[in-house]
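Enquirer: I would like the entire structure built from these sequences, with the hints used as guidance.
Those sequence lines, one after another, are chains A and B. Just so we're aligned: the first sequence equals residues 1 to 140 in my numbering. Just so we're aligned: the second sequence equals residues 1 to 140 in my numbering.
No lab work stands behind these hints: they were computed from the structure. Warning: the hint list may mix true and false statements.
Unchecked claim - In silico DSS-like cross-links for lysine-lysine, where the CA-CA straight-line distance does not exceed 25 Å: (1) Lys82(B) with Lys23(A); (2) Lys23(B) with Lys11(A); (3) Lys112(A) with Lys67(A); (4) Lys82(B) with Lys11(A); (5) Lys11(B) with Lys23(A); (6) Lys67(A) with Lys11(B); (7) Lys109(B) with Lys23(A); (8) Lys112(A) with Lys11(B); (9) Lys67(B) with Lys82(B); (10) Lys112(B) with Lys11(A); (11) Lys67(B) with Lys109(B); (12) Lys11(B) with Lys67(B); (13) Lys109(A) with Lys67(A); (14) Lys82(A) with Lys82(B); (15) Lys11(A) with Lys23(A); (16) Lys11(A) with Lys109(B); (17) Lys11(B) with Lys109(A).
Here is how the chains run, residue by residue.
2 protein chains.
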Amino acid sequence: MSEYRTAVTWKSGQELDVACEGKPALAVSSPPEFGGNGERWSPEDLLAGAVESCLLLTTLYFVDQMKIGLASYASEAVAEMKRTSEGLRFQSIRVAIEAGVSSAEDEEKMQKAASQAEAFCPVSAAVNCPVEVSLATRVG
Amino acid sequence: MSEYRTAVTWKSGQELDVACEGKPALAVSSPPEFGGNGERWSPEDLLAGAVESCLLLTTLYFVDQMKIGLASYASEAVAEMKRTSEGLRFQSIRVAIEAGVSSAEDEEKMQKAASQAEAFCPVSAAVNCPVEVSLATRVG
Numbered sequence: 001m002s003e004y005r006t007a008v009t010w011k012s013g014q015e016l017d018v019a020c021e022g023k024p025a026l027a028v029s030s031p032p033e034f035g036g037n038g039e040r041w042s043p044e045d046l047l048a049g050a051v052e053s054c055l056l057l058t059t060l061y062f063v064d065q066m067k068i069g070l071a072s073y074a075s076e077a078v079a080e081m082k083r084t085s086e087g088l089r090f091q092s093i094r095v096a097i098e099a100g101v102s103s104a105e106d107e108e109k110m111q112k113a114a115s116q117a118e119a120f121c122p123v124s125a126a127v128n129c130p131v132e133v134s135l136a137t138r139v140g
Numbered sequence: 001m002s003e004y005r006t007a008v009t010w011k012s013g014q015e016l017d018v019a020c021e022g023k024p025a026l027a028v029s030s031p032p033e034f035g036g037n038g039e040r041w042s043p044e045d046l047l048a049g050a051v052e053s054c055l056l057l058t059t060l061y062f063v064d065q066m067k068i069g070l071a072s073y074a075s076e077a078v079a080e081m082k083r084t085s086e087g088l089r090f091q092s093i094r095v096a097i098e099a100g101v102s103s104a105e106d107e108e109k110m111q112k113a114a115s116q117a118e119a120f121c122p123v124s125a126a127v128n129c130p131v132e133v134s135l136a137t138r139v140g
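Expert: What follows is the structure, encoded as structure tokens:
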């Protein structure tokens, strides 16, 4: 069992800090459409970033296992939230990945690594809206 | 429909940056038990922080609606993850809140606000492991 601990302190208005031992504190507020100033991370941003970064780190595990020559990896995530009869609910988190690999063979292996990551990524698995992953590869 | 966008760039090893327009970039890596250096936020930390900060902001909405005199609010979150036959899976996220309010009447209202927040918090609702919230109040 692994444990991850964070601590929130309310500052004023809709501003708060999130601490995590040994790491820089994170300034958070509501997104602008709910009264935040747009200069601080929102919880919604953090959820998107948690899924997106966990997918990369899980992919790296399979890249290593499959001995893929990975030269670059970048992704963009979009989390969609909408007002429903039950309140605000996330509808989907889409992650579009671009990866540079060493060879055509590695392009194929990279698709498998990304599929494996999608299945095993613990943060994606903890989310109950669809997490949709797409991967574009290029050699070089 | 609201959209939240983040962008991940792999640096090297298990280090990556997460960007969100107009906000400071976030340095992320694996947790130490999976090869990270422990000085960067992990995706697991971010998930705990997303739930915990969203609970505060949702609570503030109900505090305002119910006209509660809220003097202070701090919380601690613990996310538990364990290895299962399907891979690493979050088991629970527990959030313990301490709030200072103006009066005994507000203590009672604050319990209601926290219950409402638990039901309506969109990030908690997006997580499929149990989110367990406890609230301790004091006057002053």
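Enquirer: Next, verify each hint and record whether it holds.
Expert: Status of the hints after comparison with the structure:
1. Taking the CA atoms of Lys82(B) and Lys23(A), the gap is about 23 Å. The hint holds against a cut of 25 Å.
2. Taken as a hint, the Lys23(B) and Lys11(A) pair is honoured in the structure, with Cα atoms around 18 Å apart against an allowance of 25 Å.
3. The suggested pairing of Lys112(A) with Lys67(A) holds, with an alpha-carbon distance near 12 Å, which does not exceed 25 Å.
4. Note on Lys82(B) and Lys11(A): the hinted pairing is violated, with a Cα-Cα distance of about 33 Å set against a maximum of 25 Å.
5. Our distance criterion of 25 Å between C-alpha atoms is met by Lys11(B) and Lys23(A), whose separation comes to about 18 Å.
6. For a cut-off of 25 Å, the pair hint linking Lys67(A) to Lys11(B) stands: about 18 Å separates their Cα positions.
7. Taken as a hint, the Lys109(B) and Lys23(A) pair is broken in the structure, with Cα atoms around 35 Å apart against an allowance of 25 Å.
8. Proximity of Lys112(A) to Lys11(B) is assessed by CA-CA distance (about 22 Å); at most 25 Å being required, the pair is judged to hold.
9. Only pairs whose Cα atoms come within 25 Å are accepted, and Lys67(B) paired with Lys82(B) is rejected, the gap being roughly 41 Å.
10. With a C-alpha separation of about 22 Å, the suggested pairing of Lys112(B) with Lys11(A) holds against the 25 Å cut-off.
11. Distance hint between Lys67(B) and Lys109(B) is fulfilled; the C-alpha atoms sit about 9 Å from each other, no more than 25 Å.
12. Between Lys11(B) and Lys67(B) the CA atoms are separated by roughly 47 Å; this puts the pair beyond 25 Å, and the hint is violated.
13. Under the criterion of a C-alpha separation no larger than 25 Å, the hint pairing Lys109(A) with Lys67(A) is consistent with the structure, at around 9 Å.
14. At most 25 Å may separate the alpha-carbon atoms for a hinted pair to count; Lys82(A) and Lys82(B) exceed this at roughly 31 Å.
15. At most 25 Å may separate the alpha-carbon atoms for a hinted pair to count; Lys11(A) and Lys23(A) meet this at roughly 19 Å.
16. A hinted pair counts as satisfied when its Cα atoms are at most 25 Å apart, and Lys11(A) with Lys109(B) qualifies at roughly 21 Å.
17. A distance of roughly 21 Å separates the Cα atoms of Lys11(B) and Lys109(A); the hinted pair therefore holds under the 25 Å criterion.
Of the numbered hints given earlier, the model fails hints 4, 7, 9, 12, 14; all others are met.
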